[in-house]
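Hey, can you work out the whole structure from these sequences and the hints?
Protein chains in written order, with the UniProt record's numbering: chain Z, 1 to 356; chain G, 1 to 356; chain X, 1 to 356.
Hints listed in this document are in silico derivations from the structure and should not be mistaken for laboratory results. Among these hints, one or two may not hold up.
If several chains are the same, the list does not tell them apart, and a pair holds so long as it fits within one copy or across any two.
[What the hints assert, rightly or not] Straight-line Cα separation of at most 27 Å, DSS-like style, residue types lysine-lysine; simulated pairs:
(1) Lys266 - Lys336
(2) Lys303 - Lys245
(3) Lys168 - Lys336
(4) Lys194 - Lys303
(5) Lys336 - Lys353
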Amino acid sequence: MSSQYYRLEEIASLVQGQYIGQADLRLQGLASLESAQAHQLAFVNGDKYLAQARSSQAGAFIVTASLQAELDNHHNFIVVDNPYLAFAILTHVFERKHTQRGIESTAQIHPSAIIADSAYIGHYVVIGENCVVGDNTIVQSHCKIDDFVEIGQQCFIDSHVTLTGAAKLGHRVRIHANTVIGSEGFGFAPYQGKWHRIAQLGSVIIGNDVRIGSNCSVDRGALNDTILEDGVIIDNLVQIAHNVKLGAHTAIAAKTAVAGSVTIGKNCIIGGGSAISGHLNIADNVTLTGMSMVTNNISESGKYSSGIGLFENQKWKRTVVRLRQLADVPLTQLVKRLDDMQSQIESLESTFKLRK
Amino acid sequence: MSSQYYRLEEIASLVQGQYIGQADLRLQGLASLESAQAHQLAFVNGDKYLAQARSSQAGAFIVTASLQAELDNHHNFIVVDNPYLAFAILTHVFERKHTQRGIESTAQIHPSAIIADSAYIGHYVVIGENCVVGDNTIVQSHCKIDDFVEIGQQCFIDSHVTLTGAAKLGHRVRIHANTVIGSEGFGFAPYQGKWHRIAQLGSVIIGNDVRIGSNCSVDRGALNDTILEDGVIIDNLVQIAHNVKLGAHTAIAAKTAVAGSVTIGKNCIIGGGSAISGHLNIADNVTLTGMSMVTNNISESGKYSSGIGLFENQKWKRTVVRLRQLADVPLTQLVKRLDDMQSQIESLESTFKLRK
Amino acid sequence: MSSQYYRLEEIASLVQGQYIGQADLRLQGLASLESAQAHQLAFVNGDKYLAQARSSQAGAFIVTASLQAELDNHHNFIVVDNPYLAFAILTHVFERKHTQRGIESTAQIHPSAIIADSAYIGHYVVIGENCVVGDNTIVQSHCKIDDFVEIGQQCFIDSHVTLTGAAKLGHRVRIHANTVIGSEGFGFAPYQGKWHRIAQLGSVIIGNDVRIGSNCSVDRGALNDTILEDGVIIDNLVQIAHNVKLGAHTAIAAKTAVAGSVTIGKNCIIGGGSAISGHLNIADNVTLTGMSMVTNNISESGKYSSGIGLFENQKWKRTVVRLRQLADVPLTQLVKRLDDMQSQIESLESTFKLRK
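Encoded structure:
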């Protein structure tokens, strides 16, 4: 799409690596090993991609020194310690930038809102009372920034995002399309067979460098705030209920639900499709594999699971039949009884032999 | 945020309780026991919060008479039978109200639509042919109210909601941001290796006092209607397929999917992340715990489950290995065989003793 | 709603069937057997609906020849080989059509975009640079069509849809409300305790006759594209991660998550609430039942499962206790040990008898 290029030497310097080969080789983009052409750069993410790399048509390769030594049929390289990180850095070089600044004429902005001159406010954005939008922040079309919401600097808010509940966002926050931040938490007092709504009075506080995918829901707190600390990353279609607290640099994969008042520590990785029950505490450095269900506190860091992988359907049906019997089978006694009976038999046998 | 206040005596009267202490104590809001300050009111939701309550800085406490007796270091109370309900009622007193009325100049409203004078229609709302919006209903910015949709009185429809499929909403219905009501059900006739779309001709009928969270999908029926009876409450990211019928006052937690033509009774509680297969009937007063999967009718009220809680990962792996063996282990026979063998051994032993 | 009618004879010809009865019977719509009235047509989808059909008030019935023979209390029929398919075809005859063409005055369209004269662009739609919208395509209100997105002919894009990431859509594609196509994939390089964003440079390619429900997320690829082949159908609230490839005519039910770089074959059926881990390959003609979790490649077509159906809660609790013991019970050895002990006992018995 773009005809802009970078020279091999320049790219090496962007990722603090060494180049090998033709310093002025012109490279116009990144591509996968399979699809890369002579004007493109590919990265080799470990030994298992060496065969693919050997037959790749890429103009140059991002590699470690040891990978480079294995690729003697190629001539142009960027040598770094961490090719995946170098690749991550270079995606920013080649991505299409949003350069527009200013406020589209169709945006509706309350006079009390403060919008930085360097921000961009797209078509049909609606911004309420006392809102703040920081420097170089991009707010795409159709967003709703409700009263008292504040957004820091260099944020990216994609189309159709709803920010409400007086949410406060830090700097460099990215929120993808159609996500809702600060909507009302699911709080009801049951009384005489009906549900009595508890208006939610808390807010949502989002730190710096937080990333939230598309179609997510992050609810405002009931009294205190829902809190996402710095560096939290969240995939698509994730539910974060009221009064949840997510520790710094925790990652949550798609379609996970975190129920109300859960506290998750720092540097956790929550697999996709997981569900965490309300009012639980999860320690730092916890990894949950996909489709885990958490119903108790987790006080030790480590890896935990409860999702069951696939069975052939007929075998699965027979397995579930057994599972339905399991409650009435005293499993731990079985082994003990077997051991006891074994002793009895052996005792009988030996007595029997003695009396021969 | 607000400088408005209520006197202790006034608050007691709002929740039909008794005040103890200083009648004219000024209270400006609700807060949690931990964070409350002298101008705020906190509630004590049972004995287990007594320690927190004793050390709280709140100006006054909502309590039962027996809780009050335990808090002799404090002086100002609202005494009620049900503090949680009183708290729920007071959240409405202290929440920020939407007071605007009328139609924003940027809203696009079909001439055949009937909008109550006391309604509020936000910026960039689009309202189609023959729609109705009732008294005191708030429709926030960017909503799409498609042709033939009718909304009752005192409803709240948050931003980016899509109401289509000629949906009919009762009174006091609340629909949170980015939810879709009345979109096309997932109906296809398979024929010669392709899927043939079945245009959906039914609608969605929503009763009074229904609450639907953000990012939910409620599909219109194929021929008959999808029905949500009075008082149903639904959390975020919930799927309600075509021709589902939800009984009055049933509650559904986040990320649940209810498949087509399911009927759920009244006063049910469906835990988060559950999935209910198509064409099933679920009785009144059924509770499902989190991540339940329903594949058969439930004819008896009661509590049901199938979600498995977390294991340490290595133990889980060994558990799944056993689970994969389970189909071929005749569990119920094991115990019987053990019993039989025990008899045989005892018989051998006794015969043996007799012959000594 | 509509007063238009079709004669029985006309309807028979629309579905290439035979009519029996009154050729000029006027029919105004389709209805279910229970609710149909004399001016409506109902279909009988097999023997199990015969009792309902006999007591139905429908004016005419879509049936097979053998079903017709069983319904001698009725007089008007459309006889076809496949009543369900005929019904699917007729829903299109009776559905309300969107007849508006042209561009609403409030739409914001970049001068470089090419919009077919026969397309409809709704209120407050925003269309970016170099976009294409094909003949007879309907784009409902508030959609965001971001730069370089291309949409084919006869597509239907409902309100609040976000199309971004330079996505390319084929012909007759239907995308329901509030869905996001082409948003950024969830790619981060971990380094020194932080997540480093990988800007996503690939796109999304969607074939002809693809259907995507409401509130779905389909992410753009990291380098290569995310691909949905012709005839794929997807229900609501489904996550399709970056670089997924879905084979032609595969169907995915609601609330399923397909993780990054998964390839699913043709003609698969993925049950609701399923989750498929990253980088897996699934063969053609695979069926997954509801709430399946896939953690390994599936190389054989067939039916697979791992979701557990419901238990009464107390029994479930006891079952989970046993499940937690299962890792330490040598299941396959148990049966072998029982067999061994049985032999020992029998040997003892026979020796004993011999010596009597």
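Results of checking the hints against the structure:
Taking the shortest Cα distances, Lys266 and Lys336 never come within 27 Å of each other, neither inside one copy (43 Å) nor across copies (48 Å). Proximity of Lys303 and Lys245 under a CA criterion of 27 Å is satisfied intra-copy only: 20 Å inside one chain copy versus 30 Å between copies. In this assembly of identical chains, Lys168 and Lys336 lie within 27 Å of each other by CA distance neither inside one copy nor across copies; the values are 60 Å within and 64 Å between. Taking the closest pair of Cα atoms, Lys194 and Lys303 come within 27 Å of each other only across two copies (19 Å); inside a single copy the shortest separation is 41 Å, beyond that limit.
Proximity of Lys336 and Lys353 under a CA criterion of 27 Å is satisfied in both settings, with 26 Å inside one chain copy and 25 Å between copies.
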